[in-house]
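> Produce the complete structure using the sequences and hints provided.
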Amino acid sequence: MDLFSVAHAMGSAGQGGAGQAAGGGLAAFAPLILMVVIFYFLLIRPQQKRQKEHRNMLANLKKGDVVVTQGGLQGRITGLTDAVVTLEIADKVRVKVQRGYVAALLSRGENKAENGA
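This note's numbering puts the first residue of the sequence shown at 1, with every later residue one more than the last.
The reader is advised that the hints may include incorrect statements.
As the list claims (entries may be wrong) - Straight-line alpha carbon distances no greater than 20 Å define the calculated SDA-like cross-link-like pairs of lysine to any residue that follow:
| # | residue 1 | residue 2 |
| --- | --- | --- |
| 1 | Lys96 | Gly64 |
| 2 | Lys96 | Val66 |
| 3 | Lys96 | Leu106 |
| 4 | Lys63 | Gly100 |
| 5 | Lys63 | Arg99 |
| 6 | Lys49 | Leu105 |
| 7 | Lys63 | Gly109 |
| 8 | Lys92 | Gly64 |
| 9 | Lys52 | Lys62 |
Claimed, not checked - Cβ-Cβ distance ranges computed for the label pairs, FRET-style:
| # | residue 1 | residue 2 | range |
| --- | --- | --- | --- |
| 10 | Ala28 | Arg55 | 37 to 43 Å |
| 11 | Asn60 | Leu32 | 20 to 26 Å |
| 12 | Leu80 | Tyr40 | 32 to 38 Å |
| 13 | Pro31 | Gln70 | 36 to 42 Å |
| 14 | Asn60 | Glu88 | 18 to 24 Å |
| 15 | Ala59 | Ile38 | 29 to 35 Å |
| 16 | Pro46 | Gln70 | 18 to 24 Å |
| 17 | Thr81 | Gly24 | 55 to 61 Å |
| 18 | Lys92 | Phe39 | 46 to 52 Å |
| 19 | Pro31 | His54 | 30 to 36 Å |
| 20 | Lys52 | Ala30 | 27 to 33 Å |
| 21 | Val84 | Leu32 | 44 to 50 Å |
| 22 | Gly64 | Leu34 | 46 to 52 Å |
Keep in mind that the hints were calculated from the coordinates and are not lab data.
Even glycine gets a Cβ: it sits at the ideal position worked out from N, Cα and C.
What follows is the structure, encoded as structure tokens:
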């Protein structure tokens with residue numbers, strides 16, 4: 001019997017405490033808001049920055065640049081359109097890839113004057 005009265009007393013004390021904590025309002029949401037802000041600065045913002053850099057790299061591709069695709073092919077750009085990049089991956093071996101699948105720029109192409117010299 002004594003055990004039941006103690007459990008009942010603990011239960012009613014917990015309800016009173018919960019009623020007071022629920023009245024906190026904005027303070028109850030502060031940890032959630034803090035987590036959203038932390039996720040934004042640690043995950044979302046760096047990803048947006050990488051996407052912007054990738055878009056700029058794709059926009060500035062030129063003939064003669066050496067690039068690597070997402071599939072791992074490395075080649076020199078021999079032709080460009082708005083959507084397709086033509087890569088020469090070996091002598092007289094050319095492949096066309098979608099511009100968005102160019103993963104990285106390895107080196108810029110040389111000037112035509114340097115190629116002739």
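> Would you mind marking each hint as holding or not holding in the structure?
Going down the list of hints, with the structure as the test:
1. Lys96 <-> Gly64: At roughly 15 Å apart (the allowed maximum being 20 Å), Gly64 and Lys96 satisfy the hint.
2. Lys96 <-> Val66: It holds: about 14 Å lies between the C-alpha atoms, which stays within 20 Å.
3. Lys96 <-> Leu106: 18 Å, holds
4. Lys63 <-> Gly100: 16 Å, holds
5. Lys63 <-> Arg99: This hinted pair holds, its Cα atoms lying about 13 Å apart.
6. Lys49 <-> Leu105: Distance of about 17 Å is within 20 Å: holds.
7. Lys63 <-> Gly109: 7 Å, holds
8. Lys92 <-> Gly64: 15 Å, holds
9. Lys52 <-> Lys62: 18 Å, holds
10. Ala28 <-> Arg55: 37 to 43 Å: The hinted range 37 to 43 Å holds for Ala28 and Arg55, with Cβ atoms some 40 Å apart.
11. Asn60 <-> Leu32: 20 to 26 Å: Since the Cβ atoms of Asn60 and Leu32 sit about 41 Å apart, the hinted range of 20 to 26 Å is violated.
12. Leu80 <-> Tyr40: 32 to 38 Å: With a Cβ separation near 36 Å, Leu80 and Tyr40 satisfy 32 to 38 Å, so the hint holds.
13. Pro31 <-> Gln70: 36 to 42 Å: 39 Å, holds
14. Asn60 <-> Glu88: 18 to 24 Å: 19 Å, holds
15. Ala59 <-> Ile38: 29 to 35 Å: This hint holds: roughly 32 Å between Cβ atoms.
16. Pro46 <-> Gln70: 18 to 24 Å: For Gln70 against Pro46, whose Cβ atoms are near 19 Å apart, the range 18 to 24 Å holds.
17. Thr81 <-> Gly24: 55 to 61 Å: 59 Å, holds
18. Lys92 <-> Phe39: 46 to 52 Å: Given range 46 to 52 Å: holds, Cβ gap about 50 Å.
19. Pro31 <-> His54: 30 to 36 Å: Holds, at about 34 Å.
20. Lys52 <-> Ala30: 27 to 33 Å: For Lys52 and Ala30 the Cβ distance comes to about 31 Å; the hint holds.
21. Val84 <-> Leu32: 44 to 50 Å: 46 Å, holds
22. Gly64 <-> Leu34: 46 to 52 Å: 49 Å, holds
When held up to the earlier numbered hints, the structure conflicts with hint 11 and nothing else.
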